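> For reference, the chains in residue letters:
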Amino acid sequence: MDALLAQVFTGVSAGAVLLLIALGLTLTFGQMGVINMAHGEFIMAGAYTAYVVSLVVASTELSLLIALPAGFVIGGLLGLALEASVLRWMYARPLDTLLVTYGVGLVLQQVARDVFGAPAKEVPAPGWLDGSIPILGYDFPLTRLFIIVLAGLCVAALLAVLRFTALGRQIRATVGNRDLAETIGISTRRTDRATFFIGSGLAGVAGVALTLLGSTGPNLGTSYIVQAFLVVVVGGIGHLKGTIVAALGIGLLQAFFAHALTGSVAQVIVFLAIVAFLQVRPQGILSVRTRSLA
Amino acid sequence: MSMKKLSPYVGWLLLAVALLVLAPAVLSDFRLGLLAKYCCYAIAAVGIGLAWGRGGMLVLGQGLYFGIGAYAMAMHLKLADAGPGGVPDFMALYGDATVPGWWEPLRSGAFAVVVILVLPALVAGLLGLAVFKRRIKGAYFAILSQALAAAFAILLVGQVKTTGGANGLNNFQGFFGYALFDPANKRMLYFIAAGILLVSILAMAWLYRSRFGELLVAVRDGEERVRFLGTDPANVKLAAYVIAAVLASIGGALFVPIAGIVSPDDVGVVASIGLLAGVALGGRASLLGPAVGALLVGYAETSLSEAFPGSWSYFQGALFVLVILLLPGGLAQLLNARRGNSVSSRFLRGVPRGKQAQAELPRSASEAAPEEAAAR
Amino acid sequence: MTLTVNDLRVEFDGFVAIDGVSLTLEPGRLHFLIGPNGAGKTTLVDALTGLAKGSGEARYRTRDLLALASHRITRLGVGRTFQTATVFEELSVLQNLDIAAGVHRARWRLMLPRRGAPERVAEVMETVGLTELADRPAGVLSHGQKQWLEIGMLLVQDSSVMLLDEPVAGMSAEEREETGELLRRISPGRTVVVIEHDMDFVRRFADVVTVLHAGKVIAEGTAAEIREDAQVQLVYLGEDA
Amino acid sequence: MRTKFSSRILAASSVLALGLTATACGGAKTGDSATGESCVDTSGDTVKIGFLNSLSGTMAISETTVFKSLSMAAEEINADGGVLGKKLEIVSEDGQSEPTVFAEKATKLIQDDCVAAVFGGWTSSSRKAMLPVFEGNDALLFYPVQYEGLESSHNIFYTGATTNQQIIPALDFLKQEKKIESIFLVGSDYVFPRTANKIIKQYAAANGIEVLGEEYQPLGSTDFGTVVDKVKAAGADAVFNTLNGDSNVAFFKEYKGKGLTASAMPVLSVSIAEEEVPGVGVGNLEGQYTAWNYYQTIDSPANKEFVTAFKAANGAKAVTSDPMEAAYTSLYLWKGMVEKADSFAVEDVIDAADGVTYDAPEGTVEVDGENHHIAKTALIGQVNSEGLIDTVWSSDKPIEPDPYLKSYDWWKN
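Residue numbers (the numbering used here), protein chains in the order written: chain U, 1 to 294; chain H, 1 to 376; chain C, 1 to 241; chain F, 1 to 413.
The following block holds chain U by itself, in its conformation from the complex (with noise of 0.2 Å):
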């Protein structure tokens, strides 16, 4: 019994991580078809924006606090340039952003090592996140209780900021309809920038939070935009709820296999799971209109 309940509450953090990389990308790839690859370099940013921070402001206890918005305006920024100087060229070609961006992540990997250097940077952890918790017998991590934390926030704010803001009735819009929206006077241009500057914005946050778990390093964003893409994929394409479930089962099934098995076979066993899901349920794949097919 103390087995499964370590392993859901390692399940459940995992999946908070990941709803965390993958929450951006549901805005950017789900709703605005932009596959972008260069998400797990916006996440690498704002990890090195945390340790920046950190550098900067002297308090250890602080710096956190400081670096979540300021990796969120890092990321966002970047989201901006690289849908300014790219992106809004390629709209019509879906599938090719995915390699351009690929292209863009490669160099700005390169760049943070030329900048910050190969090895790894420590971003220290504030003295509140120190040590652990316990729930139900089991030592829950402050840290990963704070990502948990901060995941849902993200989802708060994100579900508030669709919901309830102008701008969020004008994305809702221009992902319904496009055509319908820009005749009613709703400028896309700026809906897809500011969409971009959020989606992007989110992975600065989620860089910032793995500083937390693992280290700061220009390979920091490969090791995690594959599952973030697969994440979204099972949840469905711009349903911000399957989002969720999916990011926590998949890493509740991490969890229990990892277990089980090993850590490289549990990897394995989670892709193959996923590739047969989207067998039984390709929802959101099934795409066909009526009056015409191209």
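In case anyone wonders, no lab produced these hints; they're calculated from the structure.
There are no misleading hints in this set.
Under the rule of at most 20 Å between Cα atoms (straight-line distance), these lysine to any residue pairs were calculated in the SDA-like manner:
id: 1; chain 1: F; residue 1: K86; chain 2: F; residue 2: S71
id: 2; chain 1: F; residue 1: K412; chain 2: H; residue 2: A92
id: 3; chain 1: F; residue 1: K29; chain 2: H; residue 2: P84
id: 4; chain 1: F; residue 1: K230; chain 2: U; residue 2: V8
id: 5; chain 1: F; residue 1: K29; chain 2: H; residue 2: Q173
id: 6; chain 1: H; residue 1: K133; chain 2: C; residue 2: A67
id: 7; chain 1: F; residue 1: K198; chain 2: H; residue 2: T162
id: 8; chain 1: F; residue 1: K29; chain 2: H; residue 2: F176
id: 9; chain 1: H; residue 1: K133; chain 2: U; residue 2: F277
id: 10; chain 1: C; residue 1: K53; chain 2: H; residue 2: R134
id: 11; chain 1: F; residue 1: K29; chain 2: H; residue 2: G177
Just so you have them, the derived chain U footprint on chain H, three or more residues with Cβ under 8 Å:
id: 12; segment: 147 to 154
id: 13; segment: 312 to 320
To give an idea of the interface, some chain U residues facing chain F are shown, with a C-beta separation under 10 Å as derived from the structure:
id: 14; residue: A3
id: 15; residue: A14
id: 16; residue: Q110
id: 17; residue: D130
id: 18; residue: T143
id: 19; residue: R144
id: 20; residue: L212
id: 21; residue: L213
id: 22; residue: Q254
id: 23; residue: T262
id: 24; residue: A266
id: 25; residue: Q267
This one's a predicted model, so the numbers in the text were calculated from it and none came from an experiment.
We treat Cβ as the ideally placed atom computed from N, Cα and C, and that holds for glycine.
Starting from the known structure of chain U, arrange chains H, C and F on it as the hints suggest.
For chains H, C and F alone, kept in the frame of chain U given last:
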């Protein structure tokens, strides 16, 4: 015969002369060996041209098939080196010095060749059947294929005792009875690789001109429309995907004796995307583009990484961005434009945003339909 | 061969698009389907060609179309066109027609290159008047020519049921006239169903007219009969005027 | 006309294919012996040597520093008059963290650049990839990193520790000093950890230590929730850590987060050196143990000089570590061999290798001419609050290299 019909063959002849006559005459053994390696990538690239350029399937996980061919060949070579009943060196080192049952059949060279040709076809066939019949396409297909390549690499790394793990398989002494240290045999390998590359391009030329080739383009540009012409597009895509997989496998199989090694790094996500770079550069939908592009990218990678170590990432990144953004038809597009017979490809040129976004950004019929109904 | 539709219902997430439609579509007649926007005309065609899931029955040659995949329906001889003409823009007119003609070819012959224009294809190009444009990419055709090409694609397939979704929308008066004549020429021996808005066109060419409103058939008869139908007038005046 | 043309091409290419098969008949068959011939040019007043390190990719983190210390050694040697009066000319290649690239670049350095010796490699996979290249071309490789042993090549000199100079002393330390009765093994999923753990398990069986668990995570994995849960549940006396690179960071953060401490359950790591400590975080590592043959804190004149020079070249914040020191030492050892042989020729150098010594920063090392490893002193260290590593236990004298563990009767491969 018109100039336009002739030009691919002229290009092919030029490539043949360059590969079979010029290169062996001017290159050192070492450089020729590198060119042989690029030829292996180019063989896989020819298949990618078919699947991606003509079929519109972004195959992000060809490393899987490259790896199947490469590992099948490598396993055979290790067993052949060990001699009848022998145990490959690394198994004695990391394992319990017994050859696992699934290795045994590969002692036979003929069986290895069959595996190299048939196994990728089977895997691609099964996978394709599952994926295309369920109408999984576009980005979904790309991400799935990428995930499979990633899973394959992780699996290989985890099985140290039977696959050599991250080390991969290397240290091959012979290739079907010929000693690999001998420069004469290495040249022979080069000629085999270049020959197979040229033959596979010819086969592609035939396919592109066949009704299948026309149908494939039709499926790429209007998959659903083809369905209403009485053809299941899944079968057409499946055929192209299987051919691409087999070509990748052949490239992988030749890669092993030429490079002298195969490791999980050669089959994973990064390697798989690397295979696409040449195809994009050369021109994905053109006949010679993928092969020539792959050769160019291979050469550029080697020379740039020699001249400026660590800079290859910048160049590869820039290549992807600039080519795909500005020259989606690759170098072939430049040539065509100069000759003034540019093909107006909706696929490459792009269509108004709303249309394509919906076609590529699938929603279920049940979701899309009420909007349609409401808009009526 | 008659296509019989029995109590067809199509529902999307609770929205009933087709609400119990029964129709008998007989060969040799030009059958028109009219109705205001949202009446369910296109959805009806979608349901018959496997594009939308429907319940009920659509019997043709002993098979129920509702249970078949789209490409099988086509192979059975039921073809359709789309409102926005959907042709392979990068391929030539000839290639477009040749691909459509592929239904009748053995699979292995796919591996062979095409030599010139097959007889049936050449014949159809003549019928739809596109012979001159045989080698032009379909993408450069005018809207009307694309519609003709789509009809041609059904002709090379020898479809015995043709479901045409607004084939004359956006055509000039002259093109409409030609299209109408074309439809007349091909209708003997086949079932031709045309979705149309333009009442003048309907009046000139329709043998039978079915009026759809809110997913239901509200009237059926000749063009003249339909014009006199009180319910139809109400629907049209209420919606349009 | 069209068909005729293409069928002609087909005919031409089949003729070609036949011709190719014909040319093949001239080549050597398997079983014939190799004839490597050197193209090294020693006629001028310089001699070329090759550095082959990953300057890009995942291993750049570690290998860049090796490259720096190799470069420093080369500069020192050149400033001091070179080797046999010839200045060293460096040809540097990027291994890109991929074994295939290592094999390719090694071939290039040997065949195209005609270098007298190559220095570099880090991962087991890069060494295994290069091994046949150096043997096939009869060239020289100096490999500077501790590794899993069970190997010796005529053409490779191993200047890092083999298992009996690092892993076995570490186990001796745990058994004798920490009095452990049980141990938990955590490693990355590749050759070094698996081989190391194979040795550890046999050692444990022979010494009455219980192995309570053995966990592997994929290389680069940063998800250690499950692993640390298992470690904690098992409650061993110590953890033996063979994780590589980034995984260490995630592991130690999780370890600390779940309330495990160095005093209650110490972790002994064999892949964490001074340069990795800041990345993992001093706070996460303080008090944990490492096993190496060199630490920056070693108090000797040779080391002071080495550390000072390295800081002068790479900034005051730069630290020195075991692999860097072993790389630095390898260049001097090669110099010693060449001078003893009075020749740059590979066979002469190999013949002269036995007994060559060098007063390295780690202490005096001596080359074993038989297995091409070097005798080294094992040092167990403990991470201090400044992120440096203090020696807490030493084998006191150099341990003779025994890559195949022939002198340990509990070992059977």
